[in-house]
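6 protein chains.
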Amino acid sequence: MELTHFDDKGNARMVDVTEKEDTIREAVARGKIKVSRAVFEAVADRRIAKGDVLTVATTAGIMGAKNTFQLIPMCHILQLTKCAVDWQLDAAACEINCTCTVRCKGQTGVEMEALTGVSIALLTVYDMCKAIDKNMEIGEIYLAEKKGGKSGHIINPREV
Amino acid sequence: MELTHFDDKGNARMVDVTEKEDTIREAVARGKIKVSRAVFEAVADRRIAKGDVLTVATTAGIMGAKNTFQLIPMCHILQLTKCAVDWQLDAAACEINCTCTVRCKGQTGVEMEALTGVSIALLTVYDMCKAIDKNMEIGEIYLAEKKGGKSGHIINPREV
Amino acid sequence: MELTHFDDKGNARMVDVTEKEDTIREAVARGKIKVSRAVFEAVADRRIAKGDVLTVATTAGIMGAKNTFQLIPMCHILQLTKCAVDWQLDAAACEINCTCTVRCKGQTGVEMEALTGVSIALLTVYDMCKAIDKNMEIGEIYLAEKKGGKSGHIINPREV
Amino acid sequence: MELTHFDDKGNARMVDVTEKEDTIREAVARGKIKVSRAVFEAVADRRIAKGDVLTVATTAGIMGAKNTFQLIPMCHILQLTKCAVDWQLDAAACEINCTCTVRCKGQTGVEMEALTGVSIALLTVYDMCKAIDKNMEIGEIYLAEKKGGKSGHIINPREV
Amino acid sequence: MELTHFDDKGNARMVDVTEKEDTIREAVARGKIKVSRAVFEAVADRRIAKGDVLTVATTAGIMGAKNTFQLIPMCHILQLTKCAVDWQLDAAACEINCTCTVRCKGQTGVEMEALTGVSIALLTVYDMCKAIDKNMEIGEIYLAEKKGGKSGHIINPREV
Amino acid sequence: MELTHFDDKGNARMVDVTEKEDTIREAVARGKIKVSRAVFEAVADRRIAKGDVLTVATTAGIMGAKNTFQLIPMCHILQLTKCAVDWQLDAAACEINCTCTVRCKGQTGVEMEALTGVSIALLTVYDMCKAIDKNMEIGEIYLAEKKGGKSGHIINPREV
Chain C
1 MELTHFDDKG NARMVDVTEK EDTIREAVAR GKIKVSRAVF EAVADRRIAK GDVLTVATTA
61 GIMGAKNTFQ LIPMCHILQL TKCAVDWQLD AAACEINCTC TVRCKGQTGV EMEALTGVSI
121 ALLTVYDMCK AIDKNMEIGE IYLAEKKGGK SGHIINPREV
Chain R
1 MELTHFDDKG NARMVDVTEK EDTIREAVAR GKIKVSRAVF EAVADRRIAK GDVLTVATTA
61 GIMGAKNTFQ LIPMCHILQL TKCAVDWQLD AAACEINCTC TVRCKGQTGV EMEALTGVSI
121 ALLTVYDMCK AIDKNMEIGE IYLAEKKGGK SGHIINPREV
Chain D
1 MELTHFDDKG NARMVDVTEK EDTIREAVAR GKIKVSRAVF EAVADRRIAK GDVLTVATTA
61 GIMGAKNTFQ LIPMCHILQL TKCAVDWQLD AAACEINCTC TVRCKGQTGV EMEALTGVSI
121 ALLTVYDMCK AIDKNMEIGE IYLAEKKGGK SGHIINPREV
Chain S
1 MELTHFDDKG NARMVDVTEK EDTIREAVAR GKIKVSRAVF EAVADRRIAK GDVLTVATTA
61 GIMGAKNTFQ LIPMCHILQL TKCAVDWQLD AAACEINCTC TVRCKGQTGV EMEALTGVSI
121 ALLTVYDMCK AIDKNMEIGE IYLAEKKGGK SGHIINPREV
Chain A
1 MELTHFDDKG NARMVDVTEK EDTIREAVAR GKIKVSRAVF EAVADRRIAK GDVLTVATTA
61 GIMGAKNTFQ LIPMCHILQL TKCAVDWQLD AAACEINCTC TVRCKGQTGV EMEALTGVSI
121 ALLTVYDMCK AIDKNMEIGE IYLAEKKGGK SGHIINPREV
Chain H
1 MELTHFDDKG NARMVDVTEK EDTIREAVAR GKIKVSRAVF EAVADRRIAK GDVLTVATTA
61 GIMGAKNTFQ LIPMCHILQL TKCAVDWQLD AAACEINCTC TVRCKGQTGV EMEALTGVSI
121 ALLTVYDMCK AIDKNMEIGE IYLAEKKGGK SGHIINPREV
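Protein chains in written order, with our numbering: chain C, 1 to 160; chain R, 1 to 160; chain D, 1 to 160; chain S, 1 to 160; chain A, 1 to 160; chain H, 1 to 160.
Any given hint might turn out to be false.
Copies of the same chain are indistinguishable here, so a pair counts whether it falls within one copy or spans any two.
Unchecked claim - Once the Cα atoms are required to be at most 20 Å apart in a straight line, the calculated DMTMM-like pairs of lysine to aspartate or glutamate come out as:
1) Lys-82 to Glu-19
2) Lys-105 to Asp-45
3) Lys-105 to Glu-159
4) Lys-130 to Asp-8
5) Lys-105 to Asp-90
6) Lys-82 to Asp-22
7) Lys-150 to Asp-16
8) Lys-150 to Glu-137
9) Lys-134 to Glu-159
10) Lys-9 to Glu-137
11) Lys-20 to Glu-159
12) Lys-34 to Asp-22
13) Lys-150 to Glu-21
14) Lys-105 to Glu-21
15) Lys-9 to Glu-21
16) Lys-20 to Asp-86
17) Lys-9 to Asp-86
Hints were generated in silico from the structure; no laboratory data involved. Since the structure is predicted, the reported quantities are computational estimates derived from the model, not experimental observations.
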């Protein structure tokens, strides 16, 4: 199997998608941050008070998704037509779950945008809570689902 | 316990570090990407051929660490004096482990820079290998070690 | 009335424009900076000499308009096809008036690009003149006109 | 009086501050956006519900302040040690007032950072409310106060 | 002959391409860096060992090409569909030759992207080798070839 | 001789300057663009009219110099205290010569900032004149002079 991001002389390159068709693309990525009880409660409390860790993290995640082409060297610049970040709080496990959904009409997929959105959103939660807990851990970042383009509708085995 | 990134009216803010002393700070963060055997071998082979997934990812990780203040909303801008990205390949587990070490002389720590460096480096590996494997997973991103500043030398329990 | 930038759970999001049609869009925004007589004359003089505050501010305004999607969190990335910054000097009032006109062919309007262009252009004038006058004031920034898309041709009541 | 941002041949330049002393600097800027009653209420309501226009705008304002050196051509890059954005809602006037306070220890002042922070925060409010009201107006952006450096403590006449 | 980047009042502007047709565009730019024998050998050796000056420079060149619209004030933002950086080592002359090829489907050409890609790639080689040689020189940066759009297929006289 | 931008395992890295002393640093870089007679006259004429190719290019060059740490992967982020771009028109040779001078007080030199400033300024001239002439050539970009730090005062042999 071949890495598509290298030419036959071994130079890294952006894959040529010039001849590919514009189709509607969508990608959903997920990830989580495992935090202490104290952090979990601080974040969950904010959720019902004014001000809000997760609104700041959502904002950062959306801006991060839009910045993907400047962060990930071989990513194409795409005109995202939708970007949303959702959160699910798992109190039993002290875990904050993040989902980022991205859409565009273009020549290549938006999975990197969704994955970058999740990563930056979770890093922002980390940053805003690190004064309380220095042992938080970010993990299980994966592509949950992908639609559009040659590869069609793909669902991660974890999702089924 | 208090979230330091909010004032008493609940507004998000950058923490005021004006009166803090300049000290030498260092942070080490780790993370990994779990890949298929096919991806693992493609990456490991590049390692000994010309061109190299991991050199591209190292470059992206260092640039990402330098961009942290523009990605994570409440992060201070810091003059990083060192940034290095290292890799350890675990063939048995099909895992590519990444470590990012950052130093600066400043008024606040560089853990977010190290964590962002690891995250962007791993996302870059994902991007360059996603044509082969769509089920890769990024995880176990944590602060391994931190030196300098008021909190002194901190080592993550995972490291000992 | 509803804020479109939140989903029904209250999460901030970028509005989904995937299904909207590409049409030619145009927006014109205006704003002004009120300056002291000394600043006014320094700026007006440059206008006829080599070098020029307003050329630097025009350059910054155009670059700012292009950066809108990275500055305003919920703005879409758009391929601007035109961006122009014009100036009108009002000597009687000691006011420097700025107009920014932006066009694109896309799925959503360019009013934020025009407003951001005006804002950055005026801030640049402020920056270059602040050694002379610290009481300048930027104001009356509004959308003068908007064409294209579902809402059609809109003219601000101030303009008529 | 001289514009300091030009050399004697008329070339635009960044002012040389190499020989200036590091002192603690602070700047406070203000501005406002005049909105319709419907927008005012939508923003004020969010303030007490989950999710929040003003938290997104605060986040954008802080990120904008940190980006000032890349937006305003002749601004120096400074290590901001504090950046805060505050809001005051004036229900009678349907006005949303924004204050941005910035501090650093450096060789030049942070007034442009404070003014840029206010401008980007207000543009973000505009963006998130423009579906309801297209005649909002941003204005009265000025430097309220400035401390540190050669010019000492300066208070805008508007403030006294 | 007229400079197209100014309106008839002499204001700098981005050229209006709204009415131009989308066609496939391609541009190839070249440039070189002249280095000492010691640098040349260090770079060439890396080429066959793990790690690699030219992979880092390729990465930077591609990212630079994607950033063109934010670096060159009057450049349009374009959705590049291909970006590749190639190298040719001329051992006799101690010269490292760089070629950058860019494609997009859009309303204006990509020559600035190709030229910026070459420039940033060569600056990166300079940076990574400057500890050995402070007299390197970058030069002969030109547009080799250009296809698509109104001006059709253009080949630089140097190429024939 | 060793490339300092790689560790002993061959990983690219930012050089660690943590222990280096803060000293005042200065670098001067030069470069030129060779243009047709028609371009030369258009640029020179602007010089004495309102509006000005070279003011736009100066602005872009200064902004480019400030962006160096985000363009050149292994460059440190530095607080530039001065950045100036000068031009010298050589009518006989149809050449536009550019000089960029950068200063900072820091732990590493500013030669890359000066070289990047020159490169971006010259690319901007290219962009604004390319409608007239497609065979322009940018070249002879080199470090003219460097002061401060361990290596002391260095003057390029070309300068003497």
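Each hint, compared with the structure:
In the homo-oligomer, the alpha carbons of Lys-82 and Glu-19 lie at most 20 Å apart only across protomers (10 Å), although the nearest pairing inside one protomer, at 24 Å, exceeds that limit. Taking the shortest Cα distances, Lys-105 and Asp-45 never come within 20 Å of each other, neither inside one copy (38 Å) nor across copies (35 Å). Neither within a single protomer nor between protomers do Lys-105 and Glu-159 lie at most 20 Å apart by alpha-carbon distance, with minima of 25 Å and 36 Å respectively. With identical chains, the CA atoms of Lys-130 and Asp-8 are at most 20 Å apart between copies only, with a shortest distance of 18 Å across copies and 45 Å within one.
When the C-alpha separation of Lys-105 and Asp-90 is checked against a cutoff of 20 Å, the pair qualifies neither within a copy, at 34 Å, nor between copies, at 38 Å. Taking identical chains as interchangeable, the C-alpha atoms of Lys-82 and Asp-22 lie at most 20 Å apart whether they share a chain (16 Å) or sit on different chains (15 Å). For the homomeric pair Lys-150 and Asp-16, the shortest alpha-carbon distance inside one copy (15 Å) is at most 20 Å, but the shortest distance between copies (23 Å) is not. Within a single copy, Lys-150 and Glu-137 get their C-alpha atoms no closer than 35 Å, and across copies no closer than 22 Å, so neither meets the 20 Å cut-off.
Taking the closest pair of Cα atoms, Lys-134 and Glu-159 come within 20 Å of each other only across two copies (13 Å); inside a single copy the shortest separation is 30 Å, beyond that limit. For the identical chains of this complex, Lys-9 and Glu-137 are neighbours neither inside a copy (39 Å) nor across copies (26 Å), given an alpha-carbon limit of 20 Å. Neither within a single protomer nor between protomers do Lys-20 and Glu-159 lie at most 20 Å apart by alpha-carbon distance, with minima of 29 Å and 30 Å respectively. Taking the shortest Cα distances, Lys-34 and Asp-22 never come within 20 Å of each other, neither inside one copy (39 Å) nor across copies (31 Å).
For the identical chains of this complex, Lys-150 and Glu-21 are intra-copy neighbours only, at 9 Å inside a copy versus 23 Å across copies, given an alpha-carbon limit of 20 Å. In the homo-oligomer, the alpha carbons of Lys-105 and Glu-21 lie at most 20 Å apart both inside one protomer (10 Å) and across protomers (11 Å), since each shortest distance falls under that limit. In this assembly of identical chains, the alpha carbons of Lys-9 and Glu-21 never lie at most 20 Å apart, being 27 Å within a copy and 35 Å across copies at closest. In the homo-oligomer, the alpha carbons of Lys-20 and Asp-86 never lie at most 20 Å apart, since the shortest distance is 31 Å inside one protomer and 23 Å across protomers.
With identical chains, the CA atoms of Lys-9 and Asp-86 are at most 20 Å apart between copies only, with a shortest distance of 9 Å across copies and 42 Å within one.
Figure legend: structure checked against the earlier numbered hints; hints not met, in rising order: 2, 3, 5, 8, 10, 11, 12, 15 and 16.
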